[in-house]
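Chains as they are written, first to last, in my numbering: chain H, 369 to 703; chain E, 248 to 610.
Hints are computed from structural coordinates only; laboratory data are not their basis. A few of these clues could be false.
As the list claims (entries may be wrong) - Once the Cα atoms are required to be at most 27 angstroms apart in a straight line, the calculated DSSO-like pairs of lysine-lysine come out as:
(1) H:LYS670 x E:LYS261
(2) H:LYS688 x E:LYS545
(3) H:LYS386 x E:LYS346
(4) H:LYS501 x H:LYS472
(5) E:LYS346 x H:LYS678
(6) E:LYS353 x E:LYS571
(7) E:LYS548 x E:LYS345
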Amino acid sequence: MSDKITLSHGSGGVQTNKLINEVFFKYFNNDILNQMNDAAQIDIDFKKLAFTTDSFVVNPIFFNGGNIGKLAVCGTVNDLAVSGAKPLYLTSAFIIEEGFSIEKLEEIVKSMAEEARIAGVKIVAGDTKVVEKGNVDGIYINTSGIGEIYENVNINCANARPGDVIIVNGTLGDHGMTIMCERNKLGLEGNLKSDCASLNSLVDTMLEAYDGIHVIRDATRGGIAAVLNEISEFSNVTIALDENAIPLKEEVKGATEMLGLDPLYIANEGKLCVFVPEAYAQKVLSAMRMHPHGLQAAIIGKVTEEMGQKVYLNTVVGGKRLVDMPSGIQLPRIC
Amino acid sequence: MKFVDEFRNNEYSKKLVEKLNNISSEKINIMEVCGTHTMAIFRYGIRDVLPPNINLISGPGCPVCVTPQSYIDTAITLSEKKDVIIATFGDMMKVPGKKGSLSVKKAEGADVRIVYSPMDCLQMASQNPCKKIVFLSVGFETTAPMAAITIMEAKKNSISNLFFFTAHKIVPPAMEALVQDKELKIDGFLLPGHVCAIIGTKPYEFLSEDYYIPGVVTGFEPLDILQGLNTLVRLISKKDYRIENEYKRIVKAEGNPIALEYLNSVFNIVDSSWRGIGRIPNSGLEFNSKYEDFDALKHFKINYEEYDGSPGCKCGEILKGKIKPTDCPLFKKLCSPENPVGSCMVSSEGTCAAYYRYHKETK
Numbered sequence: 369m370s371d372k373i374t375l376s377h378g379s380g381g382v383q384t385n386k387l388i389n390e391v392f393f394k395y396f397n398n399d400i401l402n403q404m405n406d407a408a409q410i411d412i413d414f415k416k417l418a419f420t421t422d423s424f425v426v427n428p429i430f431f432n433g434g435n436i437g438k439l440a441v442c443g444t445v446n447d448l449a450v451s452g453a454k455p456l457y458l459t460s461a462f463i464i465e466e467g468f469s470i471e472k473l474e475e476i477v478k479s480m481a482e483e484a485r486i487a488g489v490k491i492v493a494g495d496t497k498v499v500e501k502g503n504v505d506g507i508y509i510n511t512s513g514i515g516e517i518y519e520n521v522n523i524n525c526a527n528a529r530p531g532d533v534i535i536v537n538g539t540l541g542d543h544g545m546t547i548m549c550e551r552n553k554l555g556l557e558g559n560l561k562s563d564c565a566s567l568n569s570l571v572d573t574m575l576e577a578y579d580g581i582h583v584i585r586d587a588t589r590g591g592i593a594a595v596l597n598e599i600s601e602f603s604n605v606t607i608a609l610d611e612n613a614i615p616l617k618e619e620v621k622g623a624t625e626m627l628g629l630d631p632l633y634i635a636n637e638g639k640l641c642v643f644v645p646e647a648y649a650q651k652v653l654s655a656m657r658m659h660p661h662g663l664q665a666a667i668i669g670k671v672t673e674e675m676g677q678k679v680y681l682n683t684v685v686g687g688k689r690l691v692d693m694p695s696g697i698q699l700p701r702i703c
Numbered sequence: 248m249k250f251v252d253e254f255r256n257n258e259y260s261k262k263l264v265e266k267l268n269n270i271s272s273e274k275i276n277i278m279e280v281c282g283t284h285t286m287a288i289f290r291y292g293i294r295d296v297l298p299p300n301i302n303l304i305s306g307p308g309c310p311v312c313v314t315p316q317s318y319i320d321t322a323i324t325l326s327e328k329k330d331v332i333i334a335t336f337g338d339m340m341k342v343p344g345k346k347g348s349l350s351v352k353k354a355e356g357a358d359v360r361i362v363y364s365p366m367d368c369l370q371m372a373s374q375n376p377c378k379k380i381v382f383l384s385v386g387f388e389t390t391a392p393m394a395a396i397t398i399m400e401a402k403k404n405s406i407s408n409l410f411f412f413t414a415h416k417i418v419p420p421a422m423e424a425l426v427q428d429k430e431l432k433i434d435g436f437l438l439p440g441h442v443c444a445i446i447g448t449k450p451y452e453f454l455s456e457d458y459y460i461p462g463v464v465t466g467f468e469p470l471d472i473l474q475g476l477n478t479l480v481r482l483i484s485k486k487d488y489r490i491e492n493e494y495k496r497i498v499k500a501e502g503n504p505i506a507l508e509y510l511n512s513v514f515n516i517v518d519s520s521w522r523g524i525g526r527i528p529n530s531g532l533e534f535n536s537k538y539e540d541f542d543a544l545k546h547f548k549i550n551y552e553e554y555d556g557s558p559g560c561k562c563g564e565i566l567k568g569k570i571k572p573t574d575c576p577l578f579k580k581l582c583s584p585e586n587p588v589g590s591c592m593v594s595s596e597g598t599c600a601a602y603y604r605y606h607k608e609t610k
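Using the sequences provided together with the hints, build the complete structure.
Listed below in structure tokens is the structure:
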């Protein structure tokens with residue numbers, strides 16, 4: 369490993385995993401952490417709890433579809449929800465740069481409160497630190513969350529099985545492309561809007577339709593490609609995607625095309641993928657489509673009977689290609 | 248943006264593949280010159296659907312890949328200078344040099360910023376009057392006009408803290424070098440759509456006239472590529488040596504006269520070194536005397552000598568299409584996108600990166 373942290377170490381792909389394994393797991397190593405789920409699953413007094421934390425450093429702080437505060441609530445709520453838990457309590461810690469506008473801070477906090485209300489969680493503890501100008505970029509937020517895992521639900525990224533159908537709850541890449549275009553003032557914004565949303569009520573709807581769902585993951589950093597590669601690895605299965613079936617907004621298609629990026633690798637903040645046995649797929653899909661955050665839900669692929677851990681895509685022209693774990697940060701091409 | 252789905256239609260692509268199966272059964276070697284074509288071919292699994300007699304060879308059309316190692320080493324030297332901001336396209340960040348990459352230098356404290364267009368440097372220069380901005384100006388005929396416009400703007404507005412470290416390359420002379428290579432047998436070229444949009448189709452006519460090799464200009468969507476291959480295979484099988492344009496929605500025979508005018512006003516054509524290939528006559532662009540004040544090498548008094556690096560790396564033969572990345576002993580062993588030995592593994596348009604990411608048998 370190179371002896372300095374580079375941006376690649378924070379991009380959710382190969383280098384992030386390497387850093388986690390070679391530094392954090394090396395010292396923190398324990399049975400719960402090693403399961404590598406979105407939220408830790410812990411047992412206290414016969415109650416199964418999910419516990420997670422996430423930090424938010426997005427630039428720009430305000431973007432079409434949300435801001436860093438909304439993101440901080442949704443992100444942690446979603447990590448709990450996709451673990452099959454009902455999110456209950458959040459903490460939030462702020463690291464603020466000297467000189468940051470209080471009006472903006474209030475706007476951020478207000479949207480956190482609003483999102484917490486929507487998600488049905490309480491923000492019960494917090495912390496504030498202010499650092500000298502230049503030491504952070506405006507404001508960083510950490511949220512931690514705790515939720516109660518539903519009885520009879522066993523969602524785990526090691527549970528995918530051959531024959532499972534893979535469903536996503538809508539168009540991919542919306543958040544990442546919105547941020548990239550706004551951050552770099554590419555003038556492509558148009559109707560690009562972050563999909564940032566709390567997905568716990570959608571997950572409830574899905575579990576009501578079928579409580580035997582094998583895997584749910586939210587496809588954040590590294591996009592759907594990173595998440596599917598992790599599931600393939602942990603469940604030791606091969607995943608086949610159908611390129612024709614992957615829902616993408618025209619704006620995202622256009623912007624990724626222009627920049628030479630692959631929408632499968634672009635971050636989402638309100639999208640999840642779910643692995644369901646084929647027999648229950650239509651039932652779950654129909655339930656998702658009745659929910660405001662699942663109107664464009666679609667079946668995008670399946671777990672095959674093939675041996676090995678890989679993800680591939682059946683392309684629009686009838687060919688096949690690998691969908692590898694993302695590596696490095698997504699960089700636009702030269703020409 | 249519209250007109251994307253139309254060129255990814257499943258039904259039409261099946262028809263084009265069927266047609267392609269019936270044109271010729273002879274073994275045909277086709278080089279796709281452009282890195283964006285290489286990536287698109289992998290991304291859509293086009294090799295899988297082609298008849299087995301058609302062999303696609305990836306060419307040298309990736310700007311990062313053909314930039315010699317001396318360039319990246321010099322860029323790193325520049326990044327170490329006091330009060331210098333390096334502005335670069337994202338692709339260059341991870342290219343390995345002798346002393347690491349720009350990405351590592353950035354982590355160590357150098358001010359390296361990714362830009363999406365050279366024009367971004369104008370604002371960067373005015374916002375940082377006490378700093379010197381050095382733009383790493385690489386790329387083919389596609390990016391050079393933007394660099395030219397930027398520099399003309401800089402001159403017009405008397406911006407004195409913006410410099411260019413140029414390594415722009417011209418595609419047709421490199422193709423001539425390839426067809427003169429006796430070891431390579433290329434029956435036809437898929438010509439680079441983006442480059443042709445600037446220079447038109449005329450600069451490629453030497454291929455058919457002097458070397459009896461046909462070429463087809465095509466776009467980057469799956470149907471573009473399949474249609475281009477259909478036309479090209481038909482020309483090859485009929486021994487009809489011509490340059491055809493199957494990307495008429497973007498490419499005109501005369502190219503883009505305005506962009507060419509910008510190029511001519513700013514640059515002179517010079518000999519240039521291509522990584523792994525060597526020095527190719529008339530294949531590079533250098534500022535003419537009117538704009539030499541913007542030349543980073545002159546301003547920082549750097550004596551620039553070109554050289555190649557990466558011992559053991561087979562980039563040269565891969566860029567010339569003589570071997571496939573899977574034939575390189577370093578591929579997937581010492582060389583990966585996380586630890587690239589050569590730039591072909593770094594760039595999103597590099598042949599090795601395409602094989603690594605998308606090629607099924609490599610897993």
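Evaluation of the provided hints:
1. H:LYS670 x E:LYS261: holds (23 angstroms)
2. H:LYS688 x E:LYS545: violated (49 angstroms)
3. H:LYS386 x E:LYS346: holds (23 angstroms)
4. H:LYS501 x H:LYS472: holds (16 angstroms)
5. E:LYS346 x H:LYS678: violated (35 angstroms)
6. E:LYS353 x E:LYS571: Outside the cut-off at roughly 33 angstroms; violated.
7. E:LYS548 x E:LYS345: holds (21 angstroms)
Consistency note: the structure conflicts with the earlier hints numbered 2, 5, 6.
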